[in-house]
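Protein chains in written order, with the working numbering: chain A, 1042 to 1378; chain B, 27 to 377.
Hint data in this document are derived by calculation from the structure and do not stem from the laboratory. Be aware that one or more of the hints could be misleading.
[Claimed, not checked] Computed Cβ-Cβ distance ranges for the label pairs, DEER-style:
(1) A:Pro1344 <-> B:Phe57: 32 to 42 Å
(2) B:Ala271 <-> A:Leu1219: 47 to 57 Å
(3) B:Pro156 <-> A:Pro1344: 15 to 25 Å
The beta-carbon is built from N, C-alpha and C at its ideal position, and this holds for glycine as well.
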Amino acid sequence: MRPRWLVLVLIGLALLASLLANLAIGAVQIGWSDVLAALVRFDPDSYDHFVVVYQRLPRALIAIYTGALMAVGGTVLQGLTRNPLASPSTLGINAGAMLFVIVGAYTFDLGLTAQGIAALAGAVFGFASCLSVARLAGLSRDPRGLALILSGALVSMLFVGIANAFLLADPARRTDFLGWITGNINHVYADRLADFWWIGLLSFAILGAIARPLTLVMLGQEKASSAGVNITWVTRAALAAVTLGAGSAVAICGPIGFVGLVVPHIVRPFIGAGLGLALPAGAMTGAIFCLIGDLVARQAFTPYVLHTGVLMDLIGGIVFVAIVRRFYLTPGARGET
Amino acid sequence: MTLTRATDGKPVLLFSSGLQIRIGNLAAAGFLGLLALALTAMALQIGATHTGLFDLLAGLSGGALDPDQAFALLGVRLPRIVIGFMAGWMVAMAGAMLQSLARNPLADPGLFGLSQGSMVVIMLLLVFVPEAPRGLIPVAALAGGLAVALALIWLAGGARSSGLAILLMGIAVDTVLSSVTSILILYTPKETSYSLSDWLAGSLFQASPTAILAIGPWFVLSLVIAFLTGRALKSYDMGDELAQALGEPVARSRPLILLAAVLLSSAAVTAVGPLIFLGVMAPHLAGFVSPARGRARLILSGLAGGVLVVGADCLTRALAGDIALPLGLSLTILGVPLFVITLRLRALRVR
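Taking the hints into account, I'd like the entire structure generated from these sequences.
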């Protein structure tokens, strides 16, 4: 057990380091001591302090929130579906949330809070349509869950297409959403974080509470039921927590894809399948990824500022290729994660 | 030319040169052709200026058209229909060829990322060598499509993997390439960026009489390709071993046919941008109208592709009103449900 705890502590330290780096590095370099000073003793007259507290800190918090929720979602979904490609972005959850926000904002002129609720409903709808398409396609007996991922991709394509059609219908509002729709970690969305943070916290709380029985369910249904776990309710609670958490993250900064898919694969070799440790480790690793991704997106292509979501999509796509090749196209490969 | 019966008892037209055309396929082609003409007549009516087919016919038979109507008909609507039809034809044919080649009924130049590959290379050319002559663009498109095709063969080949896995790989490659295009859009100046976004979504907005001249030669080439490769594809449908047994030089003809398919797909991308799902929809539709093989399948798929594009264009312009919905988008919205149905039918047949 000890090395696993050690890993957890190391990840925590790395998270702290990337948070500080995210706050310090930018168009204006701000020294470590100034960053700490801005956080501890905020001086309203200092420009550097203003930048750290009102621009970089909200952005970093959004990155942590999104990264943690997406990574946890990916961990749980990959475990429950026994599919190495499952994640909020590949199973239609992100696309559904995005579609509902766009449609709600365009047709019913929803305010910010209502958009958040629309995102939650959309996340559930997206996941449900992915499952029903997989069932409709009649390939659910496919042992390696290929159909599930394929229908997730198709559902996402359809939703993104419809969302784009709505965007085109109103060019004036298009510019508002164009950044958001590709996934953009930006301090202007801070008020959304202030509105929706409790949903993510609730999602973590639920998952933490059922971590033990959920681990048993992932290890095998027979084992779990013989240990006295109510499989149906544990699974439902877990899926609800994941879907709603991912939906709230999408409501804040748009769909961010890569984290949920990749982080579980990175964490698993070090931590194992037990969710008691895998959840916090996954959450922190996801947060680190988003913080660093945000930093790279802002700095790598100066003077252009890239959207974090686009960069994440690029890396995520490459990893997706690698996983498909490893799990589905290598002869004799096992479907197990 | 005589009417006889083929070995399976279906009626067939036999020409003195040995060419055989099945009556069923001929009827299907006639049906699709008539459908295309009907849709063209409809598409001519839709638009802000009040004019249509009858004005066009009157104008062609020597009557006078007023300048507004002449511009709407000859300058905008007719080129749009012609280019849409040709692009749809070529994408559908490329899809049909890929399906025979990969023996995968779900192959599609858009879903496999070939069109995205063409696009990325075109954008690279436009971004980094803006002064390059326009004639290089089709070459760039071809190079991009080929690169993606080879990458897919490398990534998915070797293993005898299922068609769905290859499809998933294609979608994965697609994701990577589309984020590359998103990044590249950042680097283009604002005004090019807007027109590029239009074109990326697959659109007919840039259709004009001169654009027909650009795509026309490729369309003619596609007819030649259909004539040359049809027979080979018929044997490919039966599997590599049988194709070789039938005297098909698989090792030599496979790369050539792949090249031809990529050529058609990239020509369509150059003209109207990527049209995803069309390459898988059209051959299935054609197969539904008349289950053909070889050359007839290519031609029928092409016709179905053209009909689908003109029809989708009609539909979106009639329904969306003044919203300018790009063609690629409407094909996607139309295509996903149809694709799911195709998957469903396929599963039923396998079971």
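Status of the hints after comparison with the structure:
no. : hint                               : result
1   : A:Pro1344 <-> B:Phe57: 32 to 42 Å  : violated, 57 Å
2   : B:Ala271 <-> A:Leu1219: 47 to 57 Å : holds, 56 Å
3   : B:Pro156 <-> A:Pro1344: 15 to 25 Å : holds, 19 Å
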